[in-house]
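**Q** Which chain is which? The protein sequence lines are L and W, in order. First residue of the first sequence: 1, per the numbering used here; consecutive thereafter. First residue of the second sequence: 487, per the numbering used here; consecutive thereafter.
Quick caveat, the hints were computed from the structure, so don't treat them as lab data. Glycine included, C-beta positions come from ideal geometry on N, C-alpha and C. Check the hints yourself; a few may be wrong.
[Stated by the list, open to error] Each pair of labels, with its calculated beta carbon distance range:
1) L:LEU64 with W:GLN558: 25 to 35 Å
2) W:ARG515 with L:LEU64: 48 to 58 Å
3) W:PRO581 with L:SER354: 26 to 36 Å
4) W:ARG515 with L:GLY370: 21 to 31 Å
5) L:LYS304 with W:GLU495: 30 to 40 Å
6) L:SER339 with W:TYR576: 14 to 24 Å
7) W:GLN498 with L:GLU12: 54 to 64 Å
8) W:GLY542 with L:ASP418: 29 to 39 Å
9) W:ARG515 with L:SER246: 44 to 54 Å
10) L:LYS261 with W:GLY542: 27 to 37 Å
11) W:GLN567 with L:ASP147: 35 to 45 Å
12) W:VAL529 with L:ASN395: 25 to 35 Å
[Unchecked claim] List time: in silico PhoX-like cross-link candidates among lysine-lysine, alpha-carbon distance up to 20 Å:
13) L:LYS290 with L:LYS251
14) L:LYS266 with L:LYS304
15) L:LYS329 with W:LYS578
16) L:LYS251 with L:LYS266
17) L:LYS329 with W:LYS564
18) L:LYS149 with L:LYS415
[What the hints assert, rightly or not] Partial list, derived from the structure: chain L residues whose beta carbon lies under 10 Å from chain W:
19) TRP341
20) ASN350
21) GLY363
22) ALA379
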Amino acid sequence: MTTPLYELTIHEAKELLDNQMVSFEDLTSTILDRIKQVEPSVKSFVTVTGDLALEEAKSFDQNLGGSPSSNLQGIPFQLKDNICTQDILTTCSSHMLSEFIPPYNATVVEKLKQSGGIIVGKGNMDEFAMGSSTENSAFHPTHNPWDLKRVPGGSSGGPAAAVASGECFYSLGSDTGGSIRQPASLCGVVGLKPTYGLVSRYGLVAFASSLDQIGPITKDVRDCSIVLDTIVGHDPMDSTSIERVSDCYSKSLTGDIKGLKIGVPKEYFEVGVDSDILDCIKESLLVFEKLGATVSEISLPLTKYALAVYYILAPSEASANLSRYDGVKYGYSYRDADSIWDAMEKTRQNGFGSEVSRRIMLGTYALSAGYYDAYYVKAQKVRTMIRAEFSSVFNDYDVLITPTSPSTAFLIGEKTEDPLQMYLNDICTIPANIAGIPAISIPAGFSNGLPIGMQIMGSYFSENTILNAAYAFEQVTDWHKMRPSL
Amino acid sequence: MTIPKISKEEVQNIALVYRLGLSPEDVSRLSSELSNILDQFRVLDNVDTSGVNPTGHSVSANGVMREDEPSQSLPVNKILQNAPSAENGYFKVRPVLE
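Just chain L, with the same shape it has in the complex:
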């Protein structure tokens, strides 16, 4: 066989398992070997659970005689380290939680385990999911597998780098303002932020609760649909998860998009996007036209306000969510204090990194008496208008296509000095979170050897439509088949 096992997609690996060309143990040990080989240079993991994974794979071989009973059985996967795993360290890449072992599994973890998925470890991230480069991890930065001097994006940089480098077949990330899509774009993989409420957030360490959503990071669109099929659904433990009949995403991929109406919002092309990326997206739109879709330029004039809305709302919610870290119930605790207040202040001072402190301060300020209306309520009102603007556009168009990120992967250290510069990385991805709509990033080309991502957004619960559009594009392009050489 010419293609190494670790470069396969989920559906390709499943075919080998089905035909008993490989055993469960073969598949898992290949991934564990790959982790050993590339992890010293990529550093996409916080924790590797190799022994547990191998034990599970062996038990599948013994009990199932080698054949999987679901799409994900025996397929090794990773989870971003803000998704709670029972008895496995869940750190959020923060000193605050560096020894935290959850007493329960997130709902998505339960679902994947019930499908027979094999956890190989937890993925590195920007601390508490705050960042766009994974440089805010309290432990170590992750390196982009396409160029180790560059960032993988963030905050799900570990998951995106792990999938791209073959250290797992898929990973789950979380996306509050682009944290699945932007790293997927920078690492040349597929990343989906589902509609808010489609996937349970129970067991996801909260950052900004009205924006956070868990989603898959995979090598291609079919894999993305397979994972989505498994993790969606109403959960009594998350009152914001939606009760609805689940679509079967993987079965609805036809590749037929004749008559699909594509809107191209011009504002997303005016935000300092690299010219190579602009050219790439324009060429990709021609591909869609050839496939029978219609492409029209449209305008979403409120786009320019999305960044400000996000950087008021997300830190405000974060400041409330992170107040639970008080050194009493769990997490790091400063022991040498004179008083309970001193203990709390020192716990947070030592436990949180600088970006987390910055956002707590920003949020506390925006929520404080005297500024609450001017910042927080104002941002919530503009949010209403942004949602309405998207809704009206979706009356006439099925999907919207834009770049995912204004640049390809940047150098480690290049943007760490200026927080505002770093925040601009999310300019194309933030609006979908504000509106709560689904959006996917798929590989669409390369610039100087670095992957370019294309974003496809759709209306609420139109995952079927955006996945099928993405799948149609994949059928006639090869970008998703490119693998970095490590």
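Got chain L; can you put chain W on it based on the hints?
**A** Relative to the frame of chain L, chain W by itself:
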């Protein structure tokens, strides 16, 4: 409205409200960073939001009700396994009143 620059004293006050410890260097750095960031937010002053209701959640979330049925909770020892300090099945905290 006119947005004031964030002084070091104001940074210290916000930190005190939150009970977030900051070093003197953090205070100076945050004073300038927060001022710069808040400056960017002024762009929202240009949006006419009169008559617009605020949105707290991206998907309209109605109140979710369920039957009040007792069910199994996590055992106390599992809850306390991550506690920095615990005694006799309780979290142990410093005196709140001195």
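**Q** Taking 29 to 39 Å as the hint, is the beta-carbon distance of GLY542 of chain W and ASP418 of chain L inside that range?
**A** Between GLY542 of chain W and ASP418 of chain L, where Cβ atoms are some 31 Å apart, the hint holds.
**Q** State, for the Cβ atoms of LYS304 of chain L and GLU495 of chain W, whether the hinted interval 30 to 40 Å holds or is violated.
**A** At 33 Å between Cβs, range holds.
**Q** Should the hint that VAL529 of chain W and ASN395 of chain L are 25 to 35 Å apart at their CB atoms be regarded as holding?
**A** holds, 27 Å
**Q** Does the Cβ-Cβ separation between SER339 of chain L and TYR576 of chain W fall within 14 to 24 Å?
**A** holds, 20 Å
**Q** Do ARG515 of chain W and LEU64 of chain L keep their Cβ atoms within the hinted range of 48 to 58 Å?
**A** holds, 57 Å
**Q** Could you say whether the range 27 to 37 Å given as a hint is met by the Cβ separation of LYS261 of chain L and GLY542 of chain W?
**A** With Cβ atoms ~31 Å apart, the hint holds.
**Q** Return the status of the interface hint for TRP341 of chain L: holds when the least beta-carbon distance to chain W is below 10 Å, violated otherwise.
**A** holds, 6 Å
**Q** Starting from the hint 21 to 31 Å, judge whether the C-beta atoms of ARG515 of chain W and GLY370 of chain L obey it.
**A** holds, 23 Å
**Q** Does the alpha-carbon distance linking LYS266 of chain L and LYS304 of chain L stay inside the 20 Å limit?
**A** Holds: LYS266 of chain L and LYS304 of chain L sit about 11 Å apart, inside 20 Å.
**Q** Given the hint of 44 to 54 Å, check if ARG515 of chain W and SER246 of chain L actually sit that far apart at their C-beta atoms.
**A** holds, 48 Å
**Q** Is the hinted pair LYS329 of chain L and LYS564 of chain W satisfied, with a Cα-Cα distance of at most 20 Å?
**A** Measuring from Cα to Cα gives roughly 12 Å; hence the hint holds.
**Q** At a threshold of 10 Å, is the proposed contact between ALA379 of chain L and chain W supported by beta-carbon distances?
**A** For ALA379 of chain L, the interface hint holds, since the closest Cβ of chain W sits about 7 Å away, which is under 10 Å.
Hint check: violations occur at hints 13 and 16; the rest are consistent with the structure.
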